[in-house]
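Based on the provided sequences and hints, a complete structural model is requested.
Sequence order for the protein chains is L and A. At position 26 of the first sequence the residue is numbered 26 (the working numbering), and the sequence of numbers has no breaks. At position 44 of the second sequence the residue is numbered 44 (the working numbering), and the sequence of numbers has no breaks.
Some, not all, of what chain A presents toward chain L, calculated at C-beta under 8 Å:
| no. | residue |
| --- | --- |
| 1 | A51 |
| 2 | L53 |
| 3 | G77 |
| 4 | L81 |
| 5 | A86 |
| 6 | L87 |
| 7 | Y89 |
| 8 | R90 |
| 9 | R103 |
Just so you know, the hints here were simulated from the structure itself, not pulled from any lab data. Every residue gets a Cβ at the ideal spot worked out from N, C-alpha and C, and that includes glycine.
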Amino acid sequence: MTPSRVALAAILGKDLRAELRTLQSLPAMALFAVTTFIIFRFGLDRTQLSGSLAAGVLWATLLFAAILGVNRLFVAEREEGGFDAIRLAPIDRSALFAAKAAALVVYLAAVELVVVPVFALFFLDSAAALPPLALVLLLADLGLAATGTLVSSMAVNSRARDLLTPLVLLPLVVPLSIAATGALEPLLAVGGPGYHRFGTWLAVLGLYDLIFLLVGYAVFDFLVED
Amino acid sequence: MNTAIELRGLRRDYGERPALAGVDLSLSQGESLLVLGPNGAGKTTLLRILATLLRPSGGEVRVLGAALPGEAWKVRGRVGLLGHEALLYRDLSGRENLRFHARLHGVGGEAAEARIGELLAAVGMERRADDRVAELSAGMRQRIAACRCVLHEPELLLLDEPDSNLDAEARARVGELIGPRPDRARVLVSHDPERHRGEADQVLELGIGRPAAVAAEAG
Numbered sequence: 001m002t003p004s005r006v007a008l009a010a011i012l013g014k015d016l017r018a019e020l021r022t023l024q025s026l027p028a029m030a031l032f033a034v035t036t037f038i039i040f041r042f043g044l045d046r047t048q049l050s051g052s053l054a055a056g057v058l059w060a061t062l063l064f065a066a067i068l069g070v071n072r073l074f075v076a077e078r079e080e081g082g083f084d085a086i087r088l089a090p091i092d093r094s095a096l097f098a099a100k101a102a103a104l105v106v107y108l109a110a111v112e113l114v115v116v117p118v119f120a121l122f123f124l125d126s127a128a129a130l131p132p133l134a135l136v137l138l139l140a141d142l143g144l145a146a147t148g149t150l151v152s153s154m155a156v157n158s159r160a161r162d163l164l165t166p167l168v169l170l171p172l173v174v175p176l177s178i179a180a181t182g183a184l185e186p187l188l189a190v191g192g193p194g195y196h197r198f199g200t201w202l203a204v205l206g207l208y209d210l211i212f213l214l215v216g217y218a219v220f221d222f223l224v225e226d
Numbered sequence: 001m002n003t004a005i006e007l008r009g010l011r012r013d014y015g016e017r018p019a020l021a022g023v024d025l026s027l028s029q030g031e032s033l034l035v036l037g038p039n040g041a042g043k044t045t046l047l048r049i050l051a052t053l054l055r056p057s058g059g060e061v062r063v064l065g066a067a068l069p070g071e072a073w074k075v076r077g078r079v080g081l082l083g084h085e086a087l088l089y090r091d092l093s094g095r096e097n098l099r100f101h102a103r104l105h106g107v108g109g110e111a112a113e114a115r116i117g118e119l120l121a122a123v124g125m126e127r128r129a130d131d132r133v134a135e136l137s138a139g140m141r142q143r144i145a146a147c148r149c150v151l152h153e154p155e156l157l158l159l160d161e162p163d164s165n166l167d168a169e170a171r172a173r174v175g176e177l178i179g180p181r182p183d184r185a186r187v188l189v190s191h192d193p194e195r196h197r198g199e200a201d202q203v204l205e206l207g208i209g210r211p212a213a214v215a216a217e218a219g
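Put into structure tokens, the structure is as follows:
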């Protein structure tokens with residue numbers, strides 16, 4: 001058996017190289033998020049957002065942008081025979097799950113590096129909330145990547161994959177969304193970041209991540225069987 | 001001689017429709033099996049079952065000593081598949097694809113580079129090896145796919161129309177790579193039986209709607 005870390009590095013490296021070369025997911029995700037912020041900016045007719053409204057706008061935008069990346073996560077494996085090539089190799093299939101989830105975390109982090117400053121520019125007084133906000137987004141990205149990878153691996157074999165992914169993914173990430181917006185709300189409060197129940201929401205995010213990473217590890221092998 | 005493949009009553013159904021209805025055969029290491037049959041007779045299905053990519057619906061299947069599907073993990077990495085799909089990523093170059101497959105099969109570093117260079121030279125693809133696969137012709141992709149198939153020195157080669165899209169020179173070069181060898185068994189699907197009959201030790205004829213296929217010694 002090829003060691004899982006070698007297989008993980010090979011698959012992740014292949015995905016990142018292909019994305020850098022073709023830019024099929026990242027620009028679309030970033031453009032979608034920035035366009036959505038512009039729509040909110042004029043739709044709400046507000047130059048400042050705070051508290052739960054700010055948290056909701058930021059999270060909903062990032063979540064819908066993430067769906068674009070989730071949809072394309074296994075397309076190369078499906079259309080170019082990568083699933084068969086990986087299934088023929090002497091590797092633990094959970095390495096494929098880990099590599100795809102890691103790739104999605106990288107995509108989400110890269111998009112957030114671009115679009116969160118745009119959000120701050122459009123809607124926030126100061127950038128004081130950004131450092132703790134990065135921690136919340138990192139934990140939320142882990143959970144979203146674990147769930148998204150599972151859903152994408154199931155949906156990719158369906159002709160209705162673009163429809164199926166949001167239909168299955170969105171209900172599954174309701175707990176993640178509650179925890180993420182719960183943690184973001186005090187950070188984006190009027191007058192600067194607060195930390196009321198911040199630790200509790202971080203713990204919920206961490207628990208969600210742990211559960212879905214373990215579920216993914218346990219069931220992924222069955223999902224990629226014929 | 002070691003048995004590479006042992007099939008007893010192998011069956012595979014797609015819903016109500018049987019694709020393979022009771023295949024029996026035994027193939028030893030170093031031997032070649034030529035599989036013939038019309039479109040839809042189950043030739044590709046047979047190869048995918050032997051490659052552990054598809055589960056049999058019934059019967060006994062032993063590949064390289066492992067009972068499938070339960071012991072499929074023992075077979076993976078010991079089989080090379082060259083099928084209708086090249087199993088190459090279009091946005092990577094041929095060389096990058098081969099490096100990727102080498103790493104998945106636990107071959108890395110200088111050994112992998114040397115092996116990849118040797119295989120690319122064997123199929124005459126050194127000069128185009130760094131072009132993206134999407135920019136290569138179908139025949140060139142097939143040559144890179146042949147390199148992928150034998151990169152990890154498999155003990156069993158599963159070849160589904162390996163000559164597809166190849167010109168005469170490329171056919172000869174690829175034929176050298178995937179030809180008979182005493183240390184590996186081969187299962188070869190072809191629509192051109194006369195070309196391959198000479199190198200086959202057994203011939204398996206599959207037919208649509210036939211309850212069982214028959215394995216026979218080649219003449």
